[in-house]
Every structure is written in C-alpha cells, then in structure tokens.
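J.: Numbering (numbering that gives the first Met the number 0), first residue to last: 0 to 312.
Worth double-checking, as some hints may not be accurate.
Pairs of lysine-lysine residues, derived as DSSO-like cross-links and limited to a Cα-Cα distance of at most 27 Å, are as follows [unchecked claim]: (1) Lys189 with Lys216; (2) Lys125 with Lys171; (3) Lys216 with Lys266; (4) Lys266 with Lys287; (5) Lys294 with Lys309.
For the record, the hints were derived by calculation from the structure and aren't laboratory data.
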Amino acid sequence: MSPSPIRPKLPLMRHAIDPKIDCVFKALLGSEENRNLLIHFLNAILGADLVRPVTQVQILNPYNEREFLTDKLSIVDIKARDDQARRYQIEIQLLTHADLLPRILYTWNDLYNHQLESGQDYGTLKPAYAIWILGENLLVGDPYYTHRYRLRDERGQCLLNHGGIYLLEPSKFATEQVATEEQRWLKFFKEGEHLDADQLPRWMQTAEMRQAMNTLKAFSDKERAYDTYQARQDFLRQQRSIQREQRSLQQALEAERAAREAERQAKEAERQAKEAALQEKEAALQAKEVEYQAKEAALAEVERLSALLKAKE
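Build the full structure now, drawing on both the sequences and the hints.
T.: This is the structure we're talking about:
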C-alpha cells in the first residue's frame, strides 16, 4: 500500500482574516486568479437549479486592490457572465437595514433587465442569479440558513426558469459535519476568521478550500493587503457605529413620539371626562329644572282648583 501523499502545510497566518470583509470577499471570488473558485462557488450554491453547470465564467468587475485603497465606497459586489450568457451577481452584506429586501429585489431586476441592448428582443434574455451572503440574520425566526426565491405559483409551478434570488445566512449554519459543497462554503464564511492555516480541519481539506485559505493568508501576510483589510474593517466599524447611533436616535425619537402621543391621549381622555362630567351636571340641572317646573305647574293647578271651590261657595 503506497503512502498517502503529503500535502504541504500552509504557514501560520500572522493575522486573523474574516472572509466576509468586502475586500477579502471580492479578492476571494472576484479576482482573475481565483476564477475557478467563483465557478466552484456558483455550482455549489446554484447547482440544483442550473440546467447545465457553470464551466467558464467572465468576471465583469474584477477585484482591483487599488480601488479599496483609494475609494471607501468602491463597488464590492461581483458580477459575472458564463459561456451560456447567464448572469450572476454575488454580494456580501454585513449590516442589515429596513430597506435591504427591496434593495435585493431591485438589484436582481437590474441584473436581469440590463441584458437587453438596442434592437434585441425578449427572446434573448437569459437567467440571472443574485446571491447575497449576509453577515447578520435578516430573516429572524426562520431557522433555515439558505433561502431560494424563484418565480413559482402557489402550487410550485415555475413561471419561467430565469434565475432567482439566493440569500445565505452563515451565522445560522450550525452543522458540524459538512455534507455538501454549499455547506462547506457556508462554514468557511462563518468560521474562516478563526481557522489556523497550519492546522486546517478535515472539512477544509479540499483544493478549493486550501486555495481560499491562501487568499486569506495573502491578506494576513502582505503588509499592503493587510493595510487594505484594516482600512475596510475601520470603515465598516464606523458604518456600524453610525447605524447603531441612527437606531438609537430613531428609538429615542419613537419613544418621545410615543410619550407625546400617550400624553395627548391622556389629556384628551381628561378633557372627555371633564366634558362628560359637565354634561352630567347640565343634565342634572335640566332634570331639576323640569322637576321645578312640574312642581310649579302642580302648585298652579292646586291654586286654580282652590279658587274654583271658593267661587262655588
């Protein structure tokens, strides 16, 4: 029995690198040298819904390190087209917000809609797939970590097999044993920051995962790349701080609005109570007035009868 081949060990990384940080994510799946990883990722996530697997792909907006160094608002999604003209968009979203779902639907529509050029008809449209990797849980209360949205009716009949929207929530992935390539990617995005390149677990022992880990290692070891990573982390921290402050201010504003509304309702209730009490007093006075008038009428009648009796005497 021949001995198993010895795989070269990856040197220990100098810094922990989170694959969900946008510059790392885009280098991981959006760089030309990692094009095979993009193909593997697309087949892993979309394989069950693809008529034919992805074999070749063109990255329409490849990773450019200089963009991340000079522009904090650089485009961080990945757009690609395969040799069957199918369109793909992959985006990492670390922070959720109230308008994220409409934005996801809008960007898929934009991806699908922008295929047509002048003079082309609808028959040339090809499937478009939008994949979103979420850093925070968006669908709270739903235990599933993968969500596939496609054009189907209430019986599950497909209207048109032209792609869909795929939401991945890695933080919900709690399975220890990896059974599919989709699960392998989910686990990598969830735990990649804490992996030791020198002692990779068994589920990471594939050519693709070792290549993915090499990308993380490049950000860890190369000073320029790590500076980019830190700059993006700082930017995202600022965004999180701003978002938390906005939420705090919004909550304070809503609390103040609720307090004012409660005060208004209390004053309105007090006004209505006073008005009801006043109406009750007025009704009591009117009742007394009616009673007084009735007594006066009775007294007048008695006096009239008394006068008649005296006249007869």
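J.: All hints, please: hold or fail.
T.: Evaluated hints:
Using a Cα cut-off of 27 Å, the hinted pair Lys189 and Lys216 holds, with the two alpha carbons roughly 17 Å apart. The hinted pair formed by Lys125 and Lys171 fails the criterion: a straight-line CA distance of about 32 Å is larger than 27 Å. This hinted pair does not check out: Lys216 and Lys266 have alpha carbons roughly 65 Å apart, beyond 27 Å. Between Lys266 and Lys287 the CA atoms are separated by roughly 31 Å; this puts the pair beyond 27 Å, and the hint is violated.
For the proposed pair Lys294 and Lys309, the alpha carbon gap of about 22 Å is at most 27 Å, so the pair holds.
Hints 2, 3, 4, counting from the list given before, are not met by this structure.
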